[in-house]
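Undergrad: Single-letter residue listing:
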Amino acid sequence: MSIVFLKKIGPNFSFLSNTVIEIKEDEKIVLEEGQIKINDYKMLNSYELIYDILIDFYLNDWYTKKLSEEDRERTYVFSTHFYTTLAKSFNASDYPAHYTASQIRHGKVKRWKKNVDIFQKDFVFIPVNENEHWFLAVICFPYLSGKVNMRDGTPVNEPDDDAGGYPWPRITYSAVHDRSEADPNDEDLRLFDMASRINLSTKQGLDYETDAWVTKTFR
Amino acid sequence: MTEDKGEDATEYMNLKILGHDNSVTPFKIKKHALLIKCLKTYFKIIGLDRVSVIFSFDGHRIIKTDTPSSLEMKEGDVIEVFLRQIGG
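Protein chains in written order, with the UniProt record's numbering: chain A, 1 to 219; chain B, 1 to 88.
In short, the hints are calculated from the structure, not lab data.
Heads up, a few of these hints could be off.
As the list claims (entries may be wrong) - One-sided and incomplete, this derived list gives chain A residues near chain B with beta-carbon spacing under 8 Å: (1) Leu49; (2) Asp52; (3) Thr85; (4) Asn91; (5) Asn129; (6) Glu132; (7) His133.
Unchecked claim - Counterexamples of contact, computed for chain B against chain A with all Cβ distances above 10 Å: (8) Leu15; (9) Phe27; (10) Thr41; (11) Lys44; (12) Thr67.
C-beta: ideal position from N, C-alpha, C; glycine also.
This is chain A alone, in the form it adopts within the complex:
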């Protein structure tokens, strides 16, 4: 069964104003009335900055049409304003004193997806707009914590293999003062330099490729 919609996309979008869009039963309508205007559409030219509305439209289109049913089940795409809301500055005196900064930030977005448990999804896509740039952050397997065995997914309690890692100073400052409570996550940050002699001597015996490369370079 298919339904035929007569849809006016916007007052300025004259050449598309009488477009017939055929919508099958399982497809969602992703273009809402009056949202994308001709000026937004013009931003798709090269060397133009683009509006959030086009990013939202493309991600929605990709999610509803390009993804298979299985992938759609395990994926979630946030709107472009999710990160902006989360990272927006706030006035701490508006909230009860015992609230931490993270709790306040969570409170601002916790009602956004009431019916979706994003921690059960495999991939969560978050479009980010900072300093007039678009980024796409992807959170993979948010339900995992700690190391697991690659074969069967059982937890592994082995210390990290830091051979060859540079000592990395703890991050004690925040580049963005507004988000000082953010976890710098520096315990997962390692810096390795394959070309250093000191590091290579300790890396010998790791695997065949490294050994061959070390022998060739320093014989």
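Following the hints, complete the assembly by docking chain B onto the known chain A.
TA: Using the frame of chain A, we list chain B on its own:
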């Protein structure tokens, strides 16, 4: 009769608009009235261009046909205002 009065009392809802500069504007609206009408008044008060902002309720972008009842709003709910984001 008392039931009718009770329904009338819930007919109007008190909502808030949280501006992009963290300012809060309270307003009153009927449950089945179009939200876009009161938002248009808000544009006039703050002097912003209609095109440059987006209204959102719990992550849902408010469009022409939305009413408080269609969005299942409750008393004291907050509508957020975002400036449009641009990037490349």
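Undergrad: It remains to establish, for every hint, whether it holds in the given structure.
TA: Against the structure, the hints come out as follows:
no. : hint   : in the structure
1   : Leu49  : 4 Å, holds
2   : Asp52  : 4 Å, holds
3   : Thr85  : 7 Å, holds
4   : Asn91  : 6 Å, holds
5   : Asn129 : 4 Å, holds
6   : Glu132 : 5 Å, holds
7   : His133 : 5 Å, holds
8   : Leu15  : 14 Å, holds
9   : Phe27  : 19 Å, holds
10  : Thr41  : 19 Å, holds
11  : Lys44  : 19 Å, holds
12  : Thr67  : 15 Å, holds
Every hint from the earlier list agrees with this structure, and none is contradicted.
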